[in-house]
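Novice: Given next are the chains, with one letter for each unit.
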Amino acid sequence: MLIAADISVAFGGFQALRSVSVQAAPGSIVGLVGPNGSGKSTLLDVIAGLRQPDGGKVQLDGATVPLGRPDVVAGFGIGRAFQVPRLARRLTVFQNVMVGARGQSGEKLSDLFLRPGRVARREREVEAAARDILRRLDLSHKANDYASDLSGGQQKLLSMGILLMAHPRVLLLDEPAAGVNPVLIERQIRFLRELRDEGRIIVLVEHNMEMVANVCDHIFVLDAGEVIAAGTPMQIRADARVMRSYLGQPA
Amino acid sequence: MTDFIIFSVTTIAIWSVLGISLHLQFGLTGLVNFGQVLPFAVGAYGAGFAAVHGLPIWAGALIGCGLAPLIGVLVILPAGRLTQDYWALVTLGAGEIFRLAMLNISGIAGGVEGASVVRLGDRTLAMVLALVLLTGTALFAFRMDRSPLGRLLRVLREDETLAATLGRNPLRFQLVVTAVSWVMAGLAGVLYAHVTGYVSPSSFMVIETFVIWTAVVLGGPNTIAGVVLGTAVVQLTGVSTRFIAQWSHLPSELVANLRLAAFGAVLVLVFLFRPQGVIPEPKRRYNADSR
Ligand SMILES: Nc1ncnc2c1ncn2[C@@H]1O[C@H](COP(=O)(O)OP(=O)(O)O)[C@@H](O)[C@H]1O
Ligand SMILES: [Mg+2]
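In the order they appear, the protein sequences are chains A and B.
For the first sequence, the positions run 99 to 349 when this note's numbering is used.
For the second sequence, the positions run 9 to 299 when this note's numbering is used.
Only chain B is shown next, with the shape it has when bound in the complex (with noise of 0.2 angstroms):
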């Protein structure tokens, strides 16, 4: 029971910090991210390579975090003048071509066999760093957040020719937002190798974003709280799929399948009835009168 509890609370740690790079892109800036498991995945491919090539895990840590951002401004840059519904398939385009290419290149982490890399087997320990990086992460994106540049990307996200007129560069604060989401996203990546000790391309399909986006728009894009509690929802019922499989003796193929179906009938619902998610961005007051 403590085993579950542990890796519960690990695996909704690590996803929800890929939920909050996606708060920032999305519910704050109004980026439409397709491929939010493309830094997840290069996180955790420089912890591959590094543990294939005999490099510290340090410097795992720094390639996969420090690509992480460099792909993500190489993405948007040429994207970064179309128009949204390109965007979102720009970037999904883009991370199923790096999971091709990590299938197919060997020589970087092992192919379709994914590598071995040093696992953490004290799995309090993960569980602390899960939580470490998730603190962290919340307390940067809440600074960000509410500031005056958190404003500025809220207006970016109603009406980009607004910022524009007011003299801001819209592309030059995409790219800061991407930067910043991007590297908090490889994070996630290169801890997830450490807490699983391994990395394989099978790990990182565009399922995996639909999943991202689905504890996103369900809990509330718009705020920190919101993308915590949809990452909890969805990930408590992944990690559940076994026990239901075995309590009602469907195979868990087909368990796991359903949980698929029915996260796209919550995007749906969620979409259709209440697109702000369970929890709606909090209106700032401001004192107009006096002071």
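If we strip away everything but chain A, and leave its shape as in the complex, we get (with noise of 0.2 angstroms):
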């Protein structure tokens, strides 16, 4: 079980979270959903230690994960995928998948030149991870193609690609479908839920109800910083307020 609890975050005298609590238990799909601007990239950067709350905590499964620090933050198994991808730009496809893995003995100068064979070892078994990963994402045609190269929906994909490679009990996904086309979405769709049954935890932020309403077993729903609501797809569509919130904030 994930838990963000309390969260609160000012930026300056703006108060972009306050007191936000969410919680994702395995095997689920949760959706953070919200108006532009109502917090939920910035949710995600807390639980994923890349930005230090005012107020809060975050926990799985009964640990508690530090703020602030994302490098340990990734060592729980919490993921994160950004709105605009972060990609290593001048590296090919593959090699950015490559990277995702984690444990690379060769990452160690020491192992690189006192124990060439373990990193020879270790360099063909995330050689071996990476193109499983491309071909289920169907991106191996991609390979050997600058990340620079790519459309904004195979970058959305390489994206996931890479942190699906470190085996993740967390994903944290920020806005996966915007500007990807609807081919792909269908395909990220069917991906999501692929992993969901693997029995992960995915929070997924999205902008369009109706996608996240066909994907999410659980939703949160974020407006200027605050949990207005929160239920399965068929609650929230119900709820007059949620919807209040979204007339005249066309996606």
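I should point out that these hints are in silico values taken from the structure, not numbers from a laboratory.
There could be a bad hint or two in this list.
Residues from chain A that keep clear of chain B, each with C-beta distances beyond 12 angstroms, as calculated [unchecked claim]:
1) Ser-119
2) Gln-121
3) Arg-229
Result set (SDA-like, lysine to any residue): computed pairs, CA atoms no more than 25 angstroms apart in a straight line [unchecked claim]:
4) Lys-155/A with Asn-177/B
5) Lys-291/B with Phe-181/B
6) Lys-206/A with Thr-169/B
So these bits of chain A aren't anywhere near chain B, every CB distance computed over 12 angstroms [what the hints assert, rightly or not]:
7) Gly-147
8) Phe-289
9) Ala-328
Idealized CB from N, CA, C, for every residue including glycine.
Using the hints, put the two chains back together into the complex; each one sits in its own frame.
Specialist: Encoded structure:
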């Protein structure tokens, strides 16, 4: 179980999150929706350790996840994909995916020079895993293209692929479908369901209520830094307040 | 003529080591070190300190190339969390502070006057040592370059936040790269001191950093071959300055300054029209289909 409790974040005088609490169970997709600027990305940043909140705490399976330390948070099996994909643009798609793997012996100078055999073995494992993931994402044909040469939709797929190399327990996905063509969205949805069925925790930030209602098991609605509703897609649809917060805020 | 070739090869080899050191920092990791002359100076002053204080040559070498990475780590630790622009300023400042300290503290290695160290009388031996150092440095850097470490450093270069969310501590890797590359530059400094036979603050001005950067940017910061090529071009124009002065009957001071102006123009033109330098980073291909 992933729990973020009483998270508050202020940017100067502006309160971006006011004591927000959300949770997500293993094997479920939890949607985080709300109008632009409601604080969704900021909440994911806090969970991923990229922003130190003014208050609150994050827990995974009962263990406290440290705040403000992204590299340590990643060690807890929490992975974050960004609204604007973060990629090594001057590396190829294949190299980007490889970097996602944890525990690469060849990243240690001592192993590099003293244990070349171990480094080479691990490198072959990483290559094989990267090959599998690219196949799953249907990006094999782009393997040797520079990441910067991919379309926006393909870049979103790629950043998900990088994440998956680390076998994360938790995936924090920030608008993976924004700007992606419908065919790729269908593939993403199928993929998200597969990941859920593997028992992972998926937090999905989406602008598009229809897509969220379609794939999520549970939804939190944020507005102006506050959770204004939570429940199943059915319950959320029936909630008058939620609908009002979207009026005049076309997606 | 042979003397000239030996001198040129020695010079190019030593400065190529400084270039490879900058390749690891900037080309691979994206660290903008505007104080690249600092580890070079620390190495040379290790030799100077040993000479002045009656220590053996090996002790000077040890001091020089041991102190260089230590100072590097001290500079980068407080600056590590700053953005790259600040990094450039901090390293630039650190290099000048060290030079001014050597200028004013005469107890270390002669202050303004500088200090004499054992000069390698056999110039061929000096060249061979420089080539051995260059080969060792290049092999070490090449192994890093083509490894999972090199891949990760490139990710750091492109996007530190990405590396952090993938579970790597950027500062830790920046420290490793700084330590390794400053040892290389420190060794180049030790050798330089024994090739020239003296150390003096005037050898380690900011201008030297500028010359190293010109070579690296011109040849291509992302490859070892590019760095060596750029260094050869830049150093050859350097050593031929006095011939050009003789031949053109212009004062050599003027020719030397024109050379620096030309380097400045080269930097600007390369940044504008060919930012990857003469030799760009090759694409590493993988077989994505089978095996
Ligand atoms: N680094 C920042 N500095 C100042 N304000 C910020 C910063 N990041 C986000 N904000 C503000 O916080 C609010 C929430 O932003 P964000 O979490 O990106 O919203 P969402 O992802 O829901 O669209 C917005 O009003 C945004 O302008
Ligand atoms: Mg957002």
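Novice: Are any of the numbered hints broken by this structure? If so, which, sorted upward?
Specialist: Result: hints 3, 7 break, sorted rising.
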